[in-house]
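Asks: The lines below spell out each chain.
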Amino acid sequence: MAIYVDESTRLVVQGLTGSQGRFHGFRNKAYGTNLVAGVTPGKGGTDVDGVPIFDSVAEAVAATGANTSMVFVPPAFAADGILEAAAAEGIELIVAITEGIPAHDEAMAYNYVKQTTGTVLIGPNCPGVLSPGKANVGITPPEIALEGSVGVVSRSGTLTYQAIHELTSRGLGQTTCVGIGGDPVPGTSFVDVLERFQADDDTEAIVMIGEIGGDAEEQAARFIDGYVTKPVVAYVAGVTAPPGKKMGHAGAIISGSSGTAQAKQEALRSVGATVVDDPTSIGEAVTSLL
Amino acid sequence: MAIYVDESTRLVVQGLTGSQGRFHGFRNKAYGTNLVAGVTPGKGGTDVDGVPIFDSVAEAVAATGANTSMVFVPPAFAADGILEAAAAEGIELIVAITEGIPAHDEAMAYNYVKQTTGTVLIGPNCPGVLSPGKANVGITPPEIALEGSVGVVSRSGTLTYQAIHELTSRGLGQTTCVGIGGDPVPGTSFVDVLERFQADDDTEAIVMIGEIGGDAEEQAARFIDGYVTKPVVAYVAGVTAPPGKKMGHAGAIISGSSGTAQAKQEALRSVGATVVDDPTSIGEAVTSLL
Amino acid sequence: MDLFEYQGKSLFARMGVPVPEGREARTPDAARAAAEDLGGRVVVKAQVQVGGRGKAGGIKLADGPDEAFKHATDILGMDIKGHTVHLVWVEKASDIAAEYYVSFTLDRGVKKHLAIVSARGGMDIEAVAVDEPDAVVKMHIDPVVGLTNWQASEIVYRAKLDRASARKAAAALRKLYAAFVSLDCDLVEVNPLILTGDGEVVALDSKVTLDSNAFFRHPDFEEFRAAFVEEPMEKMARERGLNFIKLDGSVGIIGNGAGLVMSTLDVVSLVGGAASNFLDVGGGAGADTITNALDVLTKDPTVKSVLINIFGGITRCDLVAQGIAEALDGLELRWPIVVRLDGTNAVEGREILQGVVSDSVIPAETMREAAEKAVELAERG
Amino acid sequence: MDLFEYQGKSLFARMGVPVPEGREARTPDAARAAAEDLGGRVVVKAQVQVGGRGKAGGIKLADGPDEAFKHATDILGMDIKGHTVHLVWVEKASDIAAEYYVSFTLDRGVKKHLAIVSARGGMDIEAVAVDEPDAVVKMHIDPVVGLTNWQASEIVYRAKLDRASARKAAAALRKLYAAFVSLDCDLVEVNPLILTGDGEVVALDSKVTLDSNAFFRHPDFEEFRAAFVEEPMEKMARERGLNFIKLDGSVGIIGNGAGLVMSTLDVVSLVGGAASNFLDVGGGAGADTITNALDVLTKDPTVKSVLINIFGGITRCDLVAQGIAEALDGLELRWPIVVRLDGTNAVEGREILQGVVSDSVIPAETMREAAEKAVELAERG
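Residue numbers (the working numbering), protein chains in the order written: chain A, 1 to 290; chain B, 1 to 290; chain C, 1 to 381; chain D, 1 to 381.
Since the hints were made in silico from the structure, they are not lab data. Hints are supplied without guarantee of correctness; some may be wrong.
Dumping the calculated BS3-like pairs for lysine-lysine here, alpha-carbon to alpha-carbon at most 30 Å [unchecked claim]: (1) B:LYS114 / C:LYS111; (2) C:LYS112 / B:LYS114; (3) B:LYS114 / C:LYS138; (4) D:LYS175 / D:LYS60; (5) D:LYS111 / C:LYS112; (6) C:LYS55 / C:LYS70; (7) B:LYS114 / A:LYS114; (8) B:LYS134 / B:LYS230; (9) D:LYS112 / A:LYS114; (10) C:LYS175 / B:LYS114; (11) B:LYS114 / D:LYS175; (12) C:LYS111 / D:LYS111; (13) B:LYS43 / D:LYS175; (14) A:LYS43 / C:LYS175; (15) B:LYS230 / B:LYS114; (16) C:LYS70 / C:LYS92; (17) A:LYS114 / D:LYS175; (18) B:LYS114 / D:LYS111; (19) C:LYS175 / D:LYS175; (20) C:LYS138 / A:LYS43; (21) D:LYS111 / D:LYS138; (22) D:LYS112 / B:LYS114; (23) A:LYS114 / C:LYS111; (24) D:LYS92 / D:LYS70; (25) D:LYS112 / D:LYS168; (26) B:LYS43 / D:LYS160; (27) D:LYS111 / A:LYS114; (28) C:LYS55 / C:LYS81; (29) B:LYS43 / D:LYS168; (30) A:LYS43 / C:LYS168; (31) A:LYS114 / D:LYS138; (32) D:LYS70 / D:LYS60; (33) C:LYS112 / D:LYS175; (34) D:LYS92 / D:LYS168; (35) D:LYS138 / B:LYS114; (36) C:LYS138 / A:LYS114; (37) A:LYS43 / C:LYS160; (38) D:LYS112 / C:LYS111; (39) D:LYS111 / A:LYS230.
Using the sequences and the accompanying hints, generate a full structural model.
Replies: Right, dumping it as structure tokens:
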């Protein structure tokens, strides 16, 4: 089994006609992902290498039965693209790759999608979801992955790859690798993904990659404490980073003393996770737990 | 039994310090309704005849355990007042009496309350809900009502009273009388109320008062056809009214040929409702069915 | 409140929707001057609040000032479906490559805003909707967030508007929707929204209905009324906050609540009479309101008797009775009044009424009885 | 982007929030002129992007122009927590009856906007939040509909701001929130928002952080930068679209993705070194981006070796390698570069790199190996 994406994924790419959308969309297709459509307003009726392009997600879904959308729309229009995908009946999962979406657009889109639909949003500003051997929806280079039994979830794009690489190079395959993105308002949180990995029979261990800022790792620790019985290996980047930008007094009032890498490591360690201080050690740590 | 309001109602009145709010709020209290609080921003800490006033609904709920709010706020601020009541944890029912709320405010408030809460909204621009012998939340003069087994639901304020009056004057009591209001976007529809009356063991017959415009009566007819087994007496006002204002071509395209009193009468008759052509005949019709 | 075409267009222009340049004219001379001012070919358009102007000859193309003068002479004073033309709008002629239909309104059934767009704009959009429903694209808009960019784009493509100018059309939709919401309109309809020969998207007509409940937010909207030639009784009623419509019968009707007043009309008709008006005093009427309502009816020579039908809720019957008593003192009433009071403070109201009962002030027990008496008196009077 | 106090206030004024009248001054003479212009008592305020100005002596009251000159002379050039004062803001002194704290920001944990309001404004609001949590009122705001009127009202009363001026305070909150959203701010903080002796609510300070991702909507915001005295390397990095922070060590770091770069810093530290900077080239970097990044590091005399750590996703390793090759051709690099490439097109990238391998360009297999080599080279260099 795998989570979020697999052989049943029918993918539409919003922005397939752009250079990034095309490169990654077709890399996903080459990996075996069922890429059924692209959407670019104004280019409906054309095709890219045989994949039909539609003017809207709704039309793409109607014509192709797409159930998953990957958003490669430029930042100024990406939140609107997310709203469009969420409104389309049939789209169950949105993977938003776009980086640099204005914070208010993102916060509005996240809340509205949650209030009005049951659609799952991963990202924005994330590397997407890769279920090795099944489907890749995102920008993770698939050659670094290997099918297996470790679930990977990460806030950081490139550190996700690093983590996968460390596992694969030690022969440890993955069920699914989920990059939830590092933006202020990620559509999917550590907790959401941990819940799915815990419920997934094929996942035997979980690797979680956090970083400084916010309290997502602390929330994850509380969830692990209550609900996760599978071994968790965690890495938190930013131990030696300069103090992050603090949002005035407001930031301090909201977060209290949390948000440092040390506090996050401690929270995770206290609930039984194996915390490593170097991504290179991830593979070793997982091996010792399995 | 009764629907929406009864002995368990704990009422807060938004706008209790205004002349209308005070008159009707205390008439409701005199009828036996458990009036626990009033809300007027800036008057928190004072009281009206022993009923404490709070600056916000949240504070009123926290202090008094109110579960129902009646909105007597002026039109310019009424939609905001509805949003406030809906956001207050513990408020399960909002009865909005205010007339003249701008249409866009009303449409926004209705949809947002529905999308983000489970709170029931009745009105705006409605006479409220009266469960004879139990509670009155609204402006219906309670002396015209009698406890009994007929459920009354109406789009028109004063026609609601007329219908109740006709029933009572023939000794036919009511379980609950619900005025859903005649505004473009009523929070509660005929269908919602019919569903509750059908489920209410004490309600033996239903009186439904419609009027020209919209398609609420046609929707009600479809629901009656599928789900209502209790006898329904219906009256539709506006048979001789001049053709209502048509919203340009758009109105004609939306509504097709529906919206006339004759079409509504026909729709209700076709599903087995007894349709009377004079409110004075309502009592007689109900008597003949019970 | 329904606006004239040129008033609606002034609102569109305020929101950045392109409209042809034009001038108001109340006389043929003014139309000539407008045409001179604008230059080139112009269109002279009757300003009436009713559809079908074009077919009725109320829209004419003029090659220059003299022809504009001539057309304005023909059109001003014309009767179009009962509406007299007091004003023409003279605007630069447009180069029309395509005609679209666009509207934004509330779909009461779904409780959301509705956009309707068609590439088959022009006069008979209702027929298109019936005959070729696929040519009329509808999309619901959540009032919480409004028309999104993707919706504006999708509807333009689905309605098969010209692809080359699709972005301009989508932008026009967004601006028209912004007008619909931010200017508190019940209806914004543009038929046609045109594509010009050089690829611009322009509103060639407008039908805008303003939500009078929201006028407190738009105090400037009251100015639109200055252009209306209002029927004096309707104007008087409006100024006094009464909901009044003139009808053809002889029984004057005053009631509280639209439903009850409509029902009163129906019952008057059932017992063989006919109402001379619809007059709803609304909720919470005081004594003044009733006096004002009676005062309005004194201006109507067709009234032979008056039926006051009040079922008090938020309205208090004692204040109604007091208003009747005050009207008897202060106004000259030429007709008998049948009064039926029930509901809030009905006992107190009936008591006050007892003090002024006469041949001209007749209490009634029920709505039906009141209708029968009023109809009988109207027939006698 | 963090704004100076006076810049934030200019945005508040744009949204209708009352702020004291004032003038910028970069010299004591300009401060004197500003005080003359304003008349009466003025306050001379250091413009620095750091808290605690008041305690550090960066805010002084002046009775008139001469005293304003004297205070400006003291404050200009002052060092406040490492920030040099290049500019003072001279504003009319306010009559303070009460000091409030107000902020709007995003609560990442709850994913909604958060209003924080306290009647205990002033310097030590963080201490108040810890010691008397009830005195600091928080309310979440749904970004879908924004701050409603009832929320603005409720928070004013719950925070126990002055009741007589509650409506003005609620109005100020709504305008500040409107600024927060419509001007795309990550933070709007006013400490203190004051109540004046005559009952007005005025923003006496401002701390505004703009969301640079939204600058495409606000092209005028770029002008704020003109007032910043930017560190030359940071300016160069920003102008080239690089995310750069200067640090204290000797190993220059270039990587893609904030997480990977932070992790690289951590690993460099683990193996006994210290990074001289944080430089994230972002996603989708091309050859130019890498050349630009290397160019920035040439301006840093503390760099002894450079570590390029790339794990390609949206970034392609072949383009990175090409960028390195181009930099070797076009730039004068004084230090060795250790390069680690993995991910998208890594094979092609390593091939290109093979063509330029030398004592100064050293490939590494893993992140840890790369860190070890770079630290070793830095110690040698």
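Asks: Confirm or reject each hint.
Replies: Hints, one by one, checked against the model:
no.: 1; hint: B:LYS114 / C:LYS111; result: holds (11 Å)
no.: 2; hint: C:LYS112 / B:LYS114; result: holds (12 Å)
no.: 3; hint: B:LYS114 / C:LYS138; result: holds (23 Å)
no.: 4; hint: D:LYS175 / D:LYS60; result: holds (29 Å)
no.: 5; hint: D:LYS111 / C:LYS112; result: holds (27 Å)
no.: 6; hint: C:LYS55 / C:LYS70; result: holds (18 Å)
no.: 7; hint: B:LYS114 / A:LYS114; result: holds (13 Å)
no.: 8; hint: B:LYS134 / B:LYS230; result: holds (23 Å)
no.: 9; hint: D:LYS112 / A:LYS114; result: holds (12 Å)
no.: 10; hint: C:LYS175 / B:LYS114; result: holds (27 Å)
no.: 11; hint: B:LYS114 / D:LYS175; result: holds (27 Å)
no.: 12; hint: C:LYS111 / D:LYS111; result: holds (28 Å)
no.: 13; hint: B:LYS43 / D:LYS175; result: holds (24 Å)
no.: 14; hint: A:LYS43 / C:LYS175; result: holds (24 Å)
no.: 15; hint: B:LYS230 / B:LYS114; result: holds (29 Å)
no.: 16; hint: C:LYS70 / C:LYS92; result: holds (16 Å)
no.: 17; hint: A:LYS114 / D:LYS175; result: holds (27 Å)
no.: 18; hint: B:LYS114 / D:LYS111; result: holds (20 Å)
no.: 19; hint: C:LYS175 / D:LYS175; result: holds (24 Å)
no.: 20; hint: C:LYS138 / A:LYS43; result: holds (22 Å)
no.: 21; hint: D:LYS111 / D:LYS138; result: holds (14 Å)
no.: 22; hint: D:LYS112 / B:LYS114; result: holds (19 Å)
no.: 23; hint: A:LYS114 / C:LYS111; result: holds (20 Å)
no.: 24; hint: D:LYS92 / D:LYS70; result: holds (16 Å)
no.: 25; hint: D:LYS112 / D:LYS168; result: holds (25 Å)
no.: 26; hint: B:LYS43 / D:LYS160; result: holds (13 Å)
no.: 27; hint: D:LYS111 / A:LYS114; result: holds (11 Å)
no.: 28; hint: C:LYS55 / C:LYS81; result: holds (11 Å)
no.: 29; hint: B:LYS43 / D:LYS168; result: holds (16 Å)
no.: 30; hint: A:LYS43 / C:LYS168; result: holds (16 Å)
no.: 31; hint: A:LYS114 / D:LYS138; result: holds (23 Å)
no.: 32; hint: D:LYS70 / D:LYS60; result: holds (10 Å)
no.: 33; hint: C:LYS112 / D:LYS175; result: holds (29 Å)
no.: 34; hint: D:LYS92 / D:LYS168; result: holds (21 Å)
no.: 35; hint: D:LYS138 / B:LYS114; result: holds (25 Å)
no.: 36; hint: C:LYS138 / A:LYS114; result: holds (25 Å)
no.: 37; hint: A:LYS43 / C:LYS160; result: holds (13 Å)
no.: 38; hint: D:LYS112 / C:LYS111; result: holds (27 Å)
no.: 39; hint: D:LYS111 / A:LYS230; result: holds (28 Å)
No hint from the list above goes unmet by this structure.
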